[in-house]
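Here the structure of chain H is known, so what remains is to put chains Y and F in place on it, guided by the hints.
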Amino acid sequence: MSYERKLDEFNRRVETGSKVEAADWMPDDYRRGVLKFIEMHANSEIMGALPERECLPKAPTLKRKMSLAAKIQDEIGHAQLLYRVAEDLGKSRTAMYEDLLAGKSKFHNVFHYPVHHWGDVAVIGWLIDGAALVTQAALLDSSYAPYTRVLKRICSEEQLHLRHGEHITLQLASGTDYQREMFQDALNRWWLPIIHFFGPRSNVAKDLLLRWKVKTRTNEDLRQEFLDRYVPKVTELGFSFPTPVPRPEGNSWVVADEDIDWAPLDAIKKNQGPETERRLGLRRAVYDSHRWVREALSEPAVHAA
Amino acid sequence: MEVYEIFRRSGHKSPFEHCGAVIAPDPEMALLLGKECFLRRREGEHLWVVRRSDIHALEDESVLEIAADKSYRFASDYRDVVGKREAARRRVASMSSGGAS
Amino acid sequence: MKEAFVSLVTALADDELIIGHRHSEWTGFAPHIEEDVAFSSIAQDEIGHASAFYSLIAEATDTTPDRMALGREPGDYRHAVLCERPNRDWSYSLVRHWLYDTADDVRLEALQESAHAGLAALATKIRREERYHLLHANAWIKRVSEGPVEGRTRLIDALGRCYLEALALFDSLELEDSILENDLLPCSSSELRSRFAKRATSELDDFGLPADIHRDLDDSAEFLASSSGDLIASDQGAPTTSSRSGIGGRAGEHSDDFKPLWDEMTSTHRQHPDAQW
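Protein chains in written order, with our numbering: chain H, 203 to 507; chain Y, -13 to 87; chain F, 541 to 817.
One or more of the hints may lead you astray.
[To be verified] List time: in silico DSS-like cross-link candidates among lysine-lysine, alpha-carbon distance up to 27 Å:
#1 Lys265(H) with Lys665(F)
#2 Lys265(H) with Lys799(F)
#3 Lys435(H) with Lys354(H)
[Said to hold, decoys possible] Far from chain H, some chain F residues (derived; all Cβ distances over 10 Å):
#4 Glu599
#5 Val646
#6 Thr664
#7 Asp717
#8 Asn722
#9 Pro726
#10 Ala737
Quick caveat, the hints were computed from the structure, so don't treat them as lab data. These numbers come from a predicted model, not from an experiment. For every residue, glycine included, the Cβ atom is placed at its ideal position computed from N, Cα and C.
Next comes chain H alone, as it looks inside the complex (with noise of 0.2 Å):
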């Protein structure tokens, strides 16, 4: 079959709803397309350990010093998952790695930001862990199978990182003014950059990821989604948003375009936030600084005792 053919056989068959799995003949874009997403996926979920775990030696309980741990593990699991998912697709994990520390691979914004305090935990858990999950759960039906298997235990743990957080939110909100000021400040810093989380309006025309149904939805319904859900349960708890802030729009409440200040953005898509380069240089650091190890998990044994 000629390659034309082959191709107009796959966009039939995404069109129609089917599935594609690691075996199936794809057109290169699509291998590249989706090869791509899903390493900035793994890639955000092995950054995303690293602000969190700034906040791990400080946390305020027994309890909150395990949970806290586990919620991390679970998102380095998640990198895991993911990045065996997209070493099937033609690039392996070393060379994914490499390209991450060099810059040449991203990841997503929120990871890009320094954590000051306990409050930072608790919007991370709640806000940035809930826009995640509203993103994920849309992903299930993205057309590349082996992607979605993975994204159900995903799913599933961010779902309980999403009832921590808010676990942690809710004490904060229901303590001390101090407390109730920690999780402000936070929300004052973190609101811009999860609004940005979900990128500008998507360009349906031309996004081959929602063409080929990797994604299946556009980021601006994704964004809308997040604030229905959550702007009416964060102001029920009497906290305030800064700019952009969302105005009701009778059963919604909506975000204005010219209200987003898109700056920072464009900074970190070229690997230049706040915290960009301190994070990936530590990581630089202890990957070449621990070659010797690869090397021991790589080769047979050399000598026995």
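Below, chains Y and F alone, put in the same frame as chain H:
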């Protein structure tokens, strides 16, 4: 290092199920790493690891299709057992009332 | 008897908390992604053990586990100095993990015979969970020691740094006489130290790791921990009559490595000691 596929079994009612894969240098490490990656919530009580290179797949999955009628392998082909039981009862009833059928 | 009990269990709990804290610092950076997940479980286990030990103390006195873990001054902690050392690199952390969990097994085995029923039961429970820690540590040491020379060299170097401090896990405890009188521990710290030394030496030999880096502890030498983490034999002449090596920890003397750890670990709790989190 190789990919090891991970299987776990819970209790006695269901067989081992595939749950993911780890990259490990040998089976011993694959078991240790697999345990925390895939059973840390006690999702299973038994753990197998298998080198991916030891797993074989059908090249052509279309041979799995059922082309000709194989309905005799499915319970739905025997749904008319209800009607047949009724017919058998009627036959027995006609025997006791003396009539040959 | 209560003071002796609190002294013993505080040392056990503090060891687990501080080493668990150090282990958890690898989260996100372990040199192999699956290992990151596995080692995080080990860290969580240690913190969980600490929590269980602190609960025993809380039952016996008027405090809470969180207050014990996060509300005391640095000089009140009774963990061994080994536990507070920074992670350095993976070879140091692996060797420390191996030495600590091997020593812990020796200690837990004895604690299972404690006259305090609650402590004995907890020791039994913890020892079951620690089996994975030992399997894990042994698998790594085996692989690295049988591997390329750079890994072996790093292990040997780490052993040189760690071994004496591991022996000091068995420095005499405060109120040790009372602990022994009340049969809270069925045998002395010094007896446990010999058991550990014997077992560790034998197992390290099995790994083909050289025996001459683990010298017998000379009771007459005082070892000072410098701020860089090196052990320096002091020039103090006369041997002390104390059976403690002076490496510290068990009487609340910690190295320069502990204060920054304590600052960070207790900072949120200290800001608001009575808040609910």
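Structure-based check of all given hints:
1. Lys265(H) with Lys665(F): Given pair Lys265(H), Lys665(F) holds - Cα atoms ~19 Å apart, limit 27 Å.
2. Lys265(H) with Lys799(F): holds (23 Å)
3. Lys435(H) with Lys354(H): holds (26 Å)
4. Glu599: holds (15 Å)
5. Val646: Non-interface label stands for Val646(F): nearest chain H Cβ at 22 Å, farther than 10 Å.
6. Thr664: Given a closest Cβ separation of 21 Å, the condition holds.
7. Asp717: Nearest chain H Cβ is 31 Å from Asp717(F), so the label holds.
8. Asn722: Given a closest Cβ separation of 27 Å, the condition holds.
9. Pro726: Non-interface label on Pro726(F) holds, nearest chain H Cβ at 29 Å vs cutoff 10 Å.
10. Ala737: holds (20 Å)
In this structure, none of the earlier numbered hints is contradicted; all agree with it.
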